[in-house]
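Make a model of the complete structure from these sequences and hints.
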Amino acid sequence: MKRLPLICLNRLISAVRLTAGALLLTPLLALVVYVNYSIDCQGYFLGDVDLRGIVDLILDGKDIIGFDRILSRQREVLDTLVANMSDDTVPETIALGSSRAMQLSQEMVGTSFYNSSLSGADFSELLCEFYLYDRRGRLPQNIIIGVDPWIFNLDIDAQSKRADPTLYAEFVSERLGIPIPYEAEDPAQSWQYLFDLSYFQGNLDSLQKEAVTDGEVQPVPDGVDPYTLDAEIRRPDGSILYSLSYRNRPQEEIDADILYQTNGMSFLANYPEPDAERLAIFEAWIRYMQEKGINLFFFLAPYPPGEYDNALAKAEEYGGFFGAEEAVRALGRKYNIPVYGSYDPYAIPAESTDFYDGLHPRSECVARIFPGIPKALADRDAGIDVSLSHPVREP
Amino acid sequence: MSSFFSVAFPVFFAGVCLVYFVLPRAVRPFWLLACSWLFYLYDPQNAGFIVLLAGASIVTWAAALVLERLQSRSARRICLAVTLFLCFGCLFYYKYFGFFGEALSGLLRAAGLRGFAAAPSLLAPVGISYFTFAAAGYVIDVYRGKYRAERNPLYYALFVGFFPCIVTGPIERAPGLLSQLKSPPPFEYHRVAGGLFRILWGFFKKFVIANTLGGVVDAVYGNLQYRGYTGPVLLLASLLYTYQLYCDFSAGCDVAIGAGTVFGFTLTENFRQPLRAASFTALWRRWHISLTSWFRDYLYIPLGGNRKGALRRNLNQLFVFLVSGLWHGASLSMAVWGLLNGAYLCIGKATEGARLRLARRNPLYRLRPAKRAIQCVIVYLLFTSCIVFFRASEVFPGSAGLQDALYVYAHLFTGWDSLFAAPASVGRVLASIGLTWQTVIVLCFGIAVVETLESAPAPVSRVIRKAPIVLRWPLYYALCLAMLLFGSFANSGSIYGRF
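Line by line, the protein sequences are chains A and B.
395 is the number that the working numbering gives the last residue of the first sequence; the numbers go up by one with no jumps.
894 is the number that the working numbering gives the last residue of the second sequence; the numbers go up by one with no jumps.
Note that these hints are calculated values from the structure, not bench results.
Among the hints, erroneous ones may be present.
Below, a sample of chain A positions facing chain B; criterion: calculated Cβ distance under 10 Å [unchecked claim]:
| # | residue |
| --- | --- |
| 1 | L6 |
| 2 | N10 |
| 3 | I13 |
| 4 | A15 |
| 5 | G21 |
| 6 | L23 |
| 7 | Y34 |
| 8 | S198 |
Okay, derived cross-link-like pairs now, SDA-like style, lysine to any residue, Cα gap no bigger than 20 Å in a straight line [said to hold, decoys possible]:
| # | chain 1 | residue 1 | chain 2 | residue 2 |
| --- | --- | --- | --- | --- |
| 9 | B | K861 | A | A20 |
| 10 | A | K62 | A | A20 |
| 11 | B | K861 | A | K334 |
| 12 | A | K62 | A | T228 |
| 13 | A | K334 | A | D385 |
| 14 | B | K744 | B | G700 |
| 15 | B | K861 | A | S14 |
| 16 | B | K861 | A | R17 |
| 17 | B | K541 | B | L698 |
| 18 | B | K861 | A | G21 |
Note that the structure is predicted; figures quoted are calculated from it, not measured.
For each residue, glycine too, the CB sits at the ideal point set by N, CA and C.
Have a look at this one:
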């Protein structure tokens with residue numbers, strides 16, 4: 001019994017020595033984890049290295065040429081961008097939507113801003129744009145939601161090739177509490193790479209090589225005015241600047257585009273009314289964002305007059321087109337969300353010269369619609385109704 | 396996790412150790428048994444075979460108890476024969492059924508008898524050769540009265556399935572390990588630290604040397620049929636494979652011994668610098684010691700050993716090495732590997748006197764270092780000449796491996812002229828098989844470290860533990876950094892893990 005304290009002391013000393021030994025080796029483990037996380041050549045934590053090259057350009061404030069060639073990976077770019085944002089660099093305002101909202105720029109918005117719209121975004125893409133910020137805890141203070149009329153159209157789901165059903169289902173199930181069956185990704189799978197020694201060596205190898213961009217995506221050279229280039233340019237605030245020739249297309253060509261759209265408006269065919277279930281999810285999303293304290297603004301980009309008239313003429317076929325705007329305005333009233341713009345060009349008012357083509361309003365037109373975040377917030381807080389006085393016409 | 400070199404093993408081992416040292420000493424063996432079986436079950440491929448492991452443990456445990464109680468010599472012999480038949484029957488069924496079935500069907504087809512399909516090769520349970528030999532050795536020891544049958548089946552099951560030994564051995568004997576397992580010693584800092592260093596040493600040998608060499612060897616042996624490699628490259632790859640095999644296998648044993656040491660058990664040293672042996676006989680006394688001694692004690696000596704004249708001794712030796720070759724793998728190539736080793740030993744013994752007389756007249760042999768170097772080189776070359784069959788069998792199990800080995804021999808003397816005609820192209824050829832300057836420097840440095848630290852008579856962990864802390868910790872860091880920066884982690888399996 002007399003030896004018991006001695007034995008305990010010995011064990012304690014041994015335990016301390018072993019712990020000290022383990023601690024002395026900890027810097028090596030920390031080095032592996034640090035390199036694997038910070039270099040991350042396969043993009044398990046920070047996104048693909050090619051995408052990161054593009055994101056680095058965006059973060060460096062560069063205008064980018066060739067983004068239109070990687071549209072199939074545009075959500076990945078956004079995801080990588082968000083992953084590389086810090087609390088300090090999260091923009092105060094973001095815009096969500098499709099290419100129809102891509103003319104919203106930092107200059108118009110008046111705060112730090114990133115236009116997170118994805119070209120051709122449908123309902124699930126719209127929610128995923130938000131979820132990319134939400135899941136990384138990088139939520140902005142203000143969100144401008146560019147609501148396209150097709151997002152409540154179930155008929156277009158099958159056409160959506162860029163959507164990520166798992167990501168959407170995860171968001172709706174886990175965050176909005178509306179169960180949608182999906183197979184969750186195992187986060188442990190990627191976390192194993194933090195400690196993977198082969199990955200560590202791969203990261204060191206990639207460190208030796210130059211950062212690779214896509215080879216096709218290039219920054220606009222310093223000193224060159226992007227407005228003079230005949231190439232589609234993604235601005236550092238995420239907004240789009242169409243090529244010089246596209247911006248300066250003859251009006252006849254644009255009118256021809258509009259006329260073509262009257263044969264069948266994009267994503268709006270067979271759309272008698274907005275889907276009620278989808279509207280419910282949309283409303284749940286709105287509530288979710290407001291619970292997070294985010295200031296919301298709806299933005300309805302107008303359609304060219306020719307198309308709108310055509311939709312009016314085929315009211316049964318395009319019922320959902322008009323119903324979408326009604327639904328959005330109703331939600332705006334219910335949740336005190338200002339609605340800027342209208343699908344109705346006569347309400348703006350906008351003419352066919354205000355469009356680049358049959359779908360996208362010009363930046364000057366968008367600037368007329370949205371007054372900027374500071375004024376929008378002030379108007380909302382002052383209770384000013386910013387809804388356009390032009391009544392939504394009965395189809 | 397049928398490998399020590401997977402990511403999961405360090406995590407598993409740390410968890411096992413933490414609980415092990417917290418538990419009362421009397422309970423520790425049972426915890427180790429549970430962990431050993433968990434180690435086996437972790438790999439889904441092995442999960443079904445746990446029954447086989449448990450069955451082998453139960454059958455041999457019960458057989459030993461019966462053997463001890465039987466009085467009649469013939470009854471004891473029958474009991475032993477039945478037990479060994481069951482043990483080796485399982486081994487034969489899983490490892491050799493396909494090989495012998497293929498050979499038999501080939502013979503029958505050659506004899507004009509059609510309709511005999513070759514038996515399919517079965518997936519052999521990991522470690523079957525190791526635990527079968529450990530269990531069979533125990534039963535024979537009990538039969539011979541060298542060891543008392545173990546009463547507690549759990550202790551015995553731990554002896555058979557002890558996880559550090561089940562993948563690459565060493566093949567332990569009951570008198571050595573079983574008695575230790577029953578009474579684990581208390582925690583002792585220096586022992587645990589030494590064991591952990593031994594594990595680190597094994598990782599270094601495996602990742603920095605064996606796997607790096609493996610990349611070069613695979614580039615040649617894996618592409619024999621496509622690249623048309625000539626003699627110099629084939630020779631180089633074969634020479635490198637010998638060292639790769641040594642490092643790969645001994646690294647597994649280092650981890651096993653290190654793990655055993657951490658728990659407080661002394662396991663058999665399986666290697667004692669075999670590639671520094673000055674004779675072929677000495678090499679085999681230092682290579683895979685646990686298997687070689689197993690064959691010596693349970694096969695070679697019962698066959699008559701060297702007690703019944705030179706002819707019988709040579710036949711015994713050839714037979715033992717043939718069996719040893721087949722233990723390594725069911726293929727003709729492995730059989731040739733075994734026979735060739737046996738033949739070298741027989742020739743070595745037969746020419747011993749003449750060689751001694753010649754050596755006395757060799758002027759180079761007057762310098763002891765030169766003599767030793769020449770002898771080592773010759774032994775290395777002889778061993779490599781056998782190892783070609785071993786490596787070829789690794790690529791093509793079955794009879795195809797033999798053709799591959801013969802291809803290497805057939806092309807061994809080609810291409811030497813172009814080597815001397817265009818020495819500038821040597822670098823390009825070497826780079827094409829993965830031998831860049833960086834690889835060469837890393838390998839040379841790594842091999843020098845291994846050879847230096849292992850040259851001491853005591854195990855490397857003991858040597859290091861005696862060094863002052865200012866030398867020890869830089870070495871730990873150097874080994875870890877060498878692994879991180881230059882290790883090759885593509886292959887976490889062990890060559891001997893397949894046997």
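Cross-check of the supplied hints:
Evaluation of the L6/A hint against chain B yields a violated restraint, the C-beta minimum of about 13 Å exceeding 10 Å. Using the Cβ-Cβ criterion of 10 Å, the hint placing N10/A at the interface with chain B is satisfied: the shortest such distance is roughly 8 Å. With its C-beta approaching chain B no nearer than about 8 Å, I13/A sits inside the 10 Å limit, and its interface hint holds. Evaluation of the A15/A hint against chain B yields a held restraint, the C-beta minimum of about 9 Å falling below 10 Å.
For G21/A, the suggested interface contact is upheld, since its CB lies about 7 Å from the closest CB of chain B, less than 10 Å. This hint is violated: L23/A has a C-beta 12 Å from the nearest C-beta of chain B, more than the 10 Å allowed. Checking Y34/A against chain B by beta carbon gives a least distance of about 12 Å; that is not within 10 Å, so the hint is violated. The restraint placing S198/A at the interface with chain B holds, with a minimum CB-CB distance near 4 Å, inside the 10 Å limit.
At most 20 Å may separate the alpha-carbon atoms for a hinted pair to count; K861/B and A20/A meet this at roughly 19 Å. As the CA atoms of K62/A and A20/A are separated by approximately 48 Å, the hinted pair breaks the 20 Å bound. Taking the CA atoms of K861/B and K334/A, the gap is about 79 Å. The hint is violated against a cut of 20 Å. With a C-alpha separation of about 15 Å, the suggested pair K62/A and T228/A falls inside the 20 Å cut-off, and the hint holds.
Distance restraint check for K334/A and D385/A: the Cα-Cα separation of roughly 13 Å lies within the 20 Å cut-off, and the hinted pair is therefore satisfied. Annotation: proposed proximity of K744/B to G700/B holds, straight-line Cα distance about 14 Å (limit 20 Å). Annotation: proposed proximity of K861/B to S14/A holds, straight-line Cα distance about 17 Å (limit 20 Å). For the proposed pair K861/B and R17/A, the alpha carbon gap of about 16 Å is at most 20 Å, so the pair holds.
Between K541/B and L698/B the CA atoms are separated by roughly 19 Å; this keeps the pair inside 20 Å, and the hint holds. Distance hint between K861/B and G21/A is fulfilled; the C-alpha atoms sit about 16 Å from each other, no more than 20 Å.
The structure shown violates the earlier hints numbered 1, 6, 7, 10, 11.
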